[in-house]
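> Chains D and P supply the protein sequences, listed in that same order. Start counting the first sequence at 1; every next residue gets the next number (our numbering). Start counting the second sequence at 1001; every next residue gets the next number (our numbering).
Derived lysine-lysine pairs resembling DSSO-like cross-links, with alpha carbons at most 27 Å apart:
1. D:Lys36 to D:Lys416
2. D:Lys389 to D:Lys410
3. P:Lys1122 to P:Lys1133
4. D:Lys226 to P:Lys1310
5. P:Lys1061 to P:Lys1131
6. D:Lys234 to P:Lys1310
Ranges of calculated distance between the beta carbons of each label pair, as one might list FRET restraints:
7. P:Ala1280 to D:Leu365: 31 to 41 Å
8. D:Arg420 to P:Ser1130: 45 to 55 Å
9. P:Ala1280 to D:Val276: 51 to 61 Å
10. P:Ala1280 to D:Ile427: 26 to 36 Å
11. P:Gln1119 to D:Lys381: 48 to 58 Å
12. P:Leu1142 to D:Gly68: 46 to 56 Å
Source of the hints: derived by calculation from the structure; they are not laboratory data. Note that CB positions come from ideal geometry on N, CA and C, so glycine has one too.
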Amino acid sequence: MSLFNRKKPAPIEPLSASNHNLAPEPLVALDDPDRKSTIGLEYMTYEQLDEFGAELDAVRQRVLDDLGQEDADYIRRVIRLHRAFDVLGRVLVFCVFWWPAVALGVAFLGLSKILENMEIGHNVMHGQYDWMNDPLVEGARYEWDNVAPAEDWKHGHNYIHHTYTNVIGMDRDIGYNMFRIDEDQPWYPSHRFNLPLAFLLMLLFEWGVMYHGVELDEYLGGRMSKEEFTARRKRAMRKVARQVLKDYVLFPVIALVAIAPFTTWWAPVIVLGANVIANIIRNIWTFLIIFCGHFPAGAETFREEDAQNESRGQWYLRQLLGSANISGSKPFHVLSGNLSHQIEHHLFPDIPARRYREVSEDVKLLVEKYGLRYNTGRLSKQLASVAKKLALLGKKPDDPYLIGNSPESKALRRAKREARAEANELISA
Amino acid sequence: MGLLRRTLASPPMHRLTSPRTPDEYLEYLHPMWTLEAVRARVIDVTPETGSASTVRLRPNKAWSGFMPGQHVEFGVEVDGTRRVRVFSVSSSAAGNDKTFTVSVKAHPDGFVSQHLHQQLLKPGSVVYLSKAKGDFVLPSALPERITLISGGSGITPVMSMLRTLTDDGHQGTINFIHYARSRADEMFSSELDELATKPGVTMTRIYTREPALDAPLRGRFALAHLELIGIDPRTSPTWVCGPAGLIATVRDTFAELGASDNLTAEYFKVPSVDLDAADATGTLSFEASSIEAENSGATILEQAEAAGLKPAFGCRMGVCNTCAVKKLNGAVRHVISGEICANTDETIKPCVQIPVGNVSVEL
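If we strip away everything but chain P, and leave its shape as in the complex, we get (with noise of 0.2 Å):
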């Protein structure tokens, strides 16, 4: 860090301006000159297939790099409203580039994705971003072998780890095994072509769908496939990313070989919303407690309350704002207005909302 950004970031520094903080006056200056705030530029977005893109970013200086198969939050503003989705860096850490990628695949009703593909988020507006953040990563000591598993979407963080392991000429084996509906269905199809040829990596993708005509393997996942590839999965450590089916059917392989402790996983949660659910159903789930809890139909707040917690509240009718909360997935109904609100990572009055389906908020 420049002498500048240390000074300005030092605590005298936090005292002259509170109780704002030095980031809060730097923005008004230039949006990218925040100390903490992690922005990034988007450079262009690039179509990857029908239904995924990817976008390439130049981050500001308070981005601190990240680790292949770690995730960023992906902050966007659209009418006024930042909307926040969760995705995998896809790009390689090797070398000295001062960018990076997420690779996103639209999902029918996620507001973000579906405005990143729809290519309404032009090259050089400001995106908000968290650190690189989670434990999905390579360890410091590379094995000998690695086994990269991947379904759909799933791809993006193993695909970072593959381009980086290869960029910094990897001397083991590379397994790479990605599971996708059809080749048209798969990100970065040329790049795997061009990839698979690299000494010491084996490439191979199932088209669950469509597989070609000689395709050796077949159909989902299975204890077979890795035995025709030649992979032990008790002395290949394995790393696997996709959707919650192939997780479990990976999971419970390793499990049955005693090979638990080779497999790290990762899940694509891509939360889902029934908007028509009957008020009391699905599951309530309190996550700075840890605590879960049927929905009963009661109001969150009451909820919060039958479940043991002592959130803060005050008018209980939706007007002084004490008990506002951090409702991170999940659809909530007004009780006076009937309105539903249904976007990730949004402020609502516990008070006044009732969960609709699977909700989880921050209590």
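Here chain D stands alone, though its shape is the one from the complex (with noise of 0.2 Å):
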């Protein structure tokens, strides 16, 4: 919403610190902390839903309890395969004589920064590695190969996108506040270009993770401090200086140095496209799987009124039935990030990447058992249906409660904001 609208922010009230001893904040019902969530009440009872849950928590257990020296080998095995990638790649673009040595290490490149990015990075970072105990696999500890500082990062999409996934206005990954991609988001003229600017995010997308990272909009909104806004953006400047000095600079600075006295002036120019190459082919590969993972049509997104005050088996419901599998071969798997298991790594963000494979045909049971839906397909299938939802979300809706500054619209979050105010108040009276 930020890019283009919103030219006033709406006074919001600051979330409250001083009570933050308690259950995730937003989800708590202010006007009813007794209000039972009525997620998954379709598909199941109450008592069906503590039973979902209970079941789901035995195969975590089952899988934490079964991890060791098989699953370290495997994410060492994917950081040496890095390793090889990165340091191949980085010599071969150095080969400036030869075209075809440019062109293979641009691809090797372009492959480090993927497996670095997806199955290590997202996933060390999620701390599915914690275990292991050793400081190069902590999550709390990682930083990885992309403009967006890993601590912004991981309390956008670890925090606020796991926990409050598809809760329409508290899960910021919906559309990343640039696309309407759901049909019970507000319509702001904005998204008439909802398809050429998910192309231009496309090419851009870690730039596009580190600016949803400072939270503009939160900051605009005032919900956020100048000091947090603040310490936000200096991170993210600080780390985009650090990116840009190896792939822009230091590298094409080395070839200039080295390579282009016995080869020819313009090396250093090579270098610094194939570096700006690399970085692209990332780009595009991440933003795929990434918008594959929920955009896809019967992906569900919940109302923030209908998720308050839910139980474990409700939330395990509303990660299953708010995400997209992809299906492929093992290299797309591992290539992915396993986020081709979208739907396993919503249920257990933090059991290692490796496992969702096996884990998936629990959940299938699961599914069958209480006739949920499991939404998988293959890339090109789940892309076809995140570019048609695109297409047609951008048209304006003829509902003007689906209009964002419709006069409607503008009466109904005032109410809302309302409420809450008086809510807020009861509490604190």
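Using the hints, put the two chains back together into the complex; each one sits in its own frame.
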């Protein structure tokens, strides 16, 4: 929303930090703490929901108890592969006198960045390998090869997105504040450009992730303090500087000093170009995988009121219904960081991703047992579905309540704000 | 440091490998080629007594030596998990030896020490170390008289001191007093027999449970022992290492004589974990902020907040890993699964872990 509209930020109550010693605050119904969440009632009863939650807890525990040398060896193998692709790629793009070598180098560099961001970075930062007690794969310590600083990405992704998955107005990853990807999202005029904007974001994805993590919209909306925002901006600038220095300054300079005198003066330009393309390859790939994780048709979204006071079973169910898998070969799963098993990842974000395949068998059994929907399909099918949705939802809807800046929507938002303020007052009184 | 190492460790190199470190590339070429991470290969593991063993290690170039009395963090990887314990160096610091040893008494619940003692750590395997640390060391200007007192496995750091002093041909007097349950329970017995004959060394070994028939000294440490050997605590700087009981007695004795300044002590702390403890017992220590709190039975995150700390947190339901923190020792119980984790130095999510008995975390 923040890119093109919202000239005037709406005044919103800042979240209170003094009584944060509660369950995640926004998921507690302030007006009625005893009201039960309605998520999943169309599929099962509250008793069944509890049973469903316990069954998934048992699956998670079974995997956790089974973690061992094989999982450690696996992630080290992937890391070794990343190092090999990285070093080979860097060396090959220096062979400016023979273009096939440069092309291969670009491919290797792109591959190494994909492996590092997806199967290593994303998964390590979820804490999937914390049990190994190896500082090099420790979630809290890891920093990835991406312009987005790990700390802010982890907040937006691990916490906000994985806790409030697909809750409209809470999960900032629904459309990334840029796109209308769900019918229940309000429509703004900028959404006419849903498709071309998505194409642009695809090429610049790492920069989009970085911008998303700075949370300018939260700051402008009055939900984030100036100190917090400044700190985020500074972290982002520092990380950008380091990444740009490495890929776009230091390696070209080395080419200028070490290669150019013996080959051609434009050797540094080739190295620079190779690094740019490698980063774009990674951007395109990660964009495709991530947009197919929650946006294909059939992935459900939820209203905040319905998700409030949800039980563990309901939380699990929301994750399952809100995510979509991509089918494919084994190398495809590795390159996607096993996010092709998005459903399993959302159910169990902290178990090593290589286990999602075996876990999916248990999940499918439960899906069958409770008559749920398991959203999966080939990459091409899921992508087509996402593109179609982006195109359709970019059109102005007829219902005025679906148009963000219509008088009707504004009145609705005002009423909601006032109700919340009243509830807050009641609680503090 | 060689030119190559200096280049690889230089800031520009870190810029080129950012956000990784050069070590993270080098270790995949060869596990021992790291610049900053201290690693060592196990040369051999020798049993010392029925329950203690000595491990000889060849460290990589990142190791910068040790002073006798210091300890190292010692990490072994078992089933994919690195288990870390702190052990004292037991070998001599004299000479040009590229290796050193740690000597370890197997603790019944000690995963790492049992692993060593049962000969599961094979020669040639890699262990993950820290640099040598600790203030329990001899001063650079050695005093004329040195007293070394130890009890049980507390002998390891003072053994390193004794070996170094005798190897260096120390000219002063060394009084070595060691308390063990019996000769069978004593580490380094034959070497101690030999060192006892060195000039300047007065060796006193007291077996508390099975004393020798002609032993002049019996029982646990008392001032009378020092008097009989002829040590005046006021004139002889003393280093003591061993169980808490021994150290407390020695400390009181020295304090009564007004000789506390002459005493340096090191506890041999074996974290005791009582898995059956009721949830709300023991003390929760926040090491980084030096705060201790009575365990209230709430999650560690809640207890930290109750103690006035502001740890990072996110979902508060064990999903997002924002609050992940090192648990230094003690046992914790998962609020959902009920599973208990009792390893030293492991990462936990404090929002879903309740302390069981005494626990210390890095908060």
